[in-house]
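Given only the sequences and the hints, what does the whole structure look like? Please build it.
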Amino acid sequence: MTAVVQDRRPAPARTAAPPADVRPRVRRLGLRPPVPLAAGSGVALLLVVWAVGSATGLIDPRVLSAPWTVVTTGVDLAVDGRLVENLAVSLGRAAQGLVWGVLAGVLLALLSGLSRLGEALLDGPIQVKRAVPNLALLPLLILWFGIGEEMKVVTIALGVFIPVYIHTHNGLRSIDKRYVELAETLRLDRRRFVAHVVLPGALPGFLLGLRFAVTGSLLALVVVEQVNGTAGIGYMMELARTYGQTEVIVVGLVVYGVLGYTADRAVRLLQRRALSWRRTLED
Amino acid sequence: MATHARGLTGAAAGAPTAPAVVVRDLVRSYGTGAGVLDGLDLEIGRGEFVAILGRSGSGKSTLLRALAGLDHDVPGTGTVDVPRNVSVVFQDSRLLPWARVLDNVVLGHEAPPVQARAAGIAALAEVGLAGRERAWPNELSGGEQQRVSLARSLARSPELLLADEPFGALDALTRLRMHDLLRDLLRRHHPTVLMVTHDVDEAIVLADRVVVLDKGRIALERRTPQGVARPGTHTSTHATLRAELLDALGLDAGTGTTTGTTTDRKDTP
Chain S
1 MTAVVQDRRP
11 APARTAAPPA
21 DVRPRVRRLG
31 LRPPVPLAAG
41 SGVALLLVVW
51 AVGSATGLID
61 PRVLSAPWTV
71 VTTGVDLAVD
81 GRLVENLAVS
91 LGRAAQGLVW
101 GVLAGVLLAL
111 LSGLSRLGEA
121 LLDGPIQVKR
131 AVPNLALLPL
141 LILWFGIGEE
151 MKVVTIALGV
161 FIPVYIHTHN
171 GLRSIDKRYV
181 ELAETLRLDR
191 RRFVAHVVLP
201 GALPGFLLGL
211 RFAVTGSLLA
221 LVVVEQVNGT
231 AGIGYMMELA
241 RTYGQTEVIV
251 VGLVVYGVLG
261 YTADRAVRLL
271 QRRALSWRRT
281 LED
Chain P
1001 MATHARGLTG
1011 AAAGAPTAPA
1021 VVVRDLVRSY
1031 GTGAGVLDGL
1041 DLEIGRGEFV
1051 AILGRSGSGK
1061 STLLRALAGL
1071 DHDVPGTGTV
1081 DVPRNVSVVF
1091 QDSRLLPWAR
1101 VLDNVVLGHE
1111 APPVQARAAG
1121 IAALAEVGLA
1131 GRERAWPNEL
1141 SGGEQQRVSL
1151 ARSLARSPEL
1161 LLADEPFGAL
1171 DALTRLRMHD
1181 LLRDLLRRHH
1191 PTVLMVTHDV
1201 DEAIVLADRV
1211 VVLDKGRIAL
1221 ERRTPQGVAR
1231 PGTHTSTHAT
1241 LRAELLDALG
1251 LDAGTGTTTG
1261 TTTDRKDTP
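The listed protein sequences correspond, in order, to chains S and P.
For the first sequence, the working numbering gives the first residue as 1, with consecutive numbering after it.
For the second sequence, the working numbering gives the first residue as 1001, with consecutive numbering after it.
Take the hints with a grain of salt, since some may be wrong.
Said to hold, decoys possible - Straight-line distance between alpha carbons at most 20 Å, and here's what the computed SDA-like set of lysine to any residue pairs gives:
1) LYS129/S / SER1061/P
2) LYS177/S / ASN1138/P
3) LYS177/S / ASP1073/P
4) LYS1215/P / PRO1075/P
5) LYS177/S / SER1061/P
6) LYS177/S / PRO1083/P
7) LYS129/S / ASP1092/P
8) LYS177/S / LEU1096/P
9) LYS129/S / PRO1075/P
10) LYS129/S / TYR1030/P
11) LYS129/S / ASN1138/P
12) LYS177/S / ALA1099/P
13) LYS177/S / LYS1215/P
It should be emphasised that the hints constitute simulated quantities derived from the structure, not laboratory data.
Set out below in structure tokens:
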């Protein structure tokens, strides 16, 4: 019996079927190759559900406007200039807050990461600040800076500097000691050591912090714009709420979403460019 | 051949010049237990190549780190006199992964940037890596990375080259090629060399003098066949020298007949 079975098996394989790929079975632990356009499929499905719901009347337009209403409203707002104007104000705020926050975060991370004195004086207060939710500071910041632009930029910057500080500091401190030794034997001075070893070594950490920072800046933006704003995407949405214009609110949400997505993509692109020397699971 | 270079070194050593490295009564201990270096004395002549052998924990790396000035927090006493221009080659190539090969080679070079880069390119060509200046260290093989690290040391023409098991992480074939390369490089730039190694044969074929450390002291000191050109030496063949060194390392001479015997055997008493 067994002899017959063993005899019959190789015969058709030799003549007809193409040779089977016989590799040892090893469980794959790395990722499979990426599927093209797969990232968009989930979003596309969501849009289809929304469109079908609106078209069939399952979704009340007062609760959520139809996608085409949102598109036409968006076009109208863009054409009459309101959207661009408000977007410029919002972007300006976020950018200002981001720049100040990133500068402060990197500077403080360097001071506290490279000196014991800096660590003793700075790290504690920053950890305390980190424990307090950023937006809880808003009442205090309004008392200090009023309800103008200053308060808005400061709030965004305060939210931004924490992730930049934490991740840059962590990046600094996890630089391999062997590279520090190398720098010592090469007689690098402090400035060259920071420029060639510390900063590039902390760059992966910094860029991760930057990704959190960008998202955080938009979060803070949304909140501060709804506090006594007179311009900006948030103000536009606040106004739309009082008039019950759901479609304008959704346009604002879409704009926030696009902003967040674009900013994150930009940082990831920067990450890939700046860290091209790394070979990781992702590649 | 580059006999004149060897002759030059020999002549320099023959002249009554001051030694390049003087270590006097060096004591280093890490707090716990006995001292790692226990009153060590060592002199290395200008242009001489000394190999340090020793079992794990014999203090050979501690000695190298003391000469390199890397033992900041290690308590100890004694004097160490080394030249101003010292360069270290580590067991790992220790290239900054975020800097391209040439930038690694010229990192910390004292010359103005243009001269430094020229020196770096020349050094890379010398180790057979011309054209790889813009490569990332991760793109190179282990042997190539170690050659870059040699180039980094050479580019700053060191008076003293300290090497901490420089070929320890390489495969046997690459290691032999690196020996040839190192010999060739030393023939042209004759720095004083102190190399810590686990490999008895490597020590014999590369060095002028082999020093065996044990418990932080010098247990044995011998000139190698190529070191006998120097004055005050005694002659011995590779085989007898090998047996003698293995014996000093606490290895039975019988086991020493297999090739590639190293001293990091865990079963040595």
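Hint check:
1. Between the alpha carbons of LYS129/S and SER1061/P the distance comes to roughly 45 Å, so the proposed pair goes past 20 Å and is violated.
2. For the hint linking LYS177/S to ASN1138/P, the alpha-carbon distance of about 19 Å falls within 20 Å, and the restraint holds.
3. Among the hinted pairs, LYS177/S with ASP1073/P is consistent with the structure: their alpha-carbon atoms are about 14 Å apart, no more than 20 Å.
4. Taking the CA atoms of LYS1215/P and PRO1075/P, the gap is about 17 Å. The hint holds against a cut of 20 Å.
5. Between LYS177/S and SER1061/P the CA atoms are separated by roughly 17 Å; this keeps the pair inside 20 Å, and the hint holds.
6. Distance hint between LYS177/S and PRO1083/P is unfulfilled; the C-alpha atoms sit about 25 Å from each other, more than 20 Å.
7. Annotation: proposed proximity of LYS129/S to ASP1092/P is violated, straight-line Cα distance about 41 Å (limit 20 Å).
8. At roughly 12 Å between alpha-carbon atoms, LYS177/S and LEU1096/P fall within 20 Å of each other, so this suggested pair holds.
9. At most 20 Å may separate the alpha-carbon atoms for a hinted pair to count; LYS129/S and PRO1075/P exceed this at roughly 40 Å.
10. At roughly 40 Å between alpha-carbon atoms, LYS129/S and TYR1030/P are farther apart than 20 Å, so this suggested pair is violated.
11. Restraint check: the Cα-Cα separation between LYS129/S and ASN1138/P comes to about 40 Å, which exceeds 20 Å; the hinted pair is violated.
12. Taken as a hint, the LYS177/S and ALA1099/P pair is honoured in the structure, with Cα atoms around 17 Å apart against an allowance of 20 Å.
13. Restraint check: the Cα-Cα separation between LYS177/S and LYS1215/P comes to about 27 Å, which exceeds 20 Å; the hinted pair is violated.
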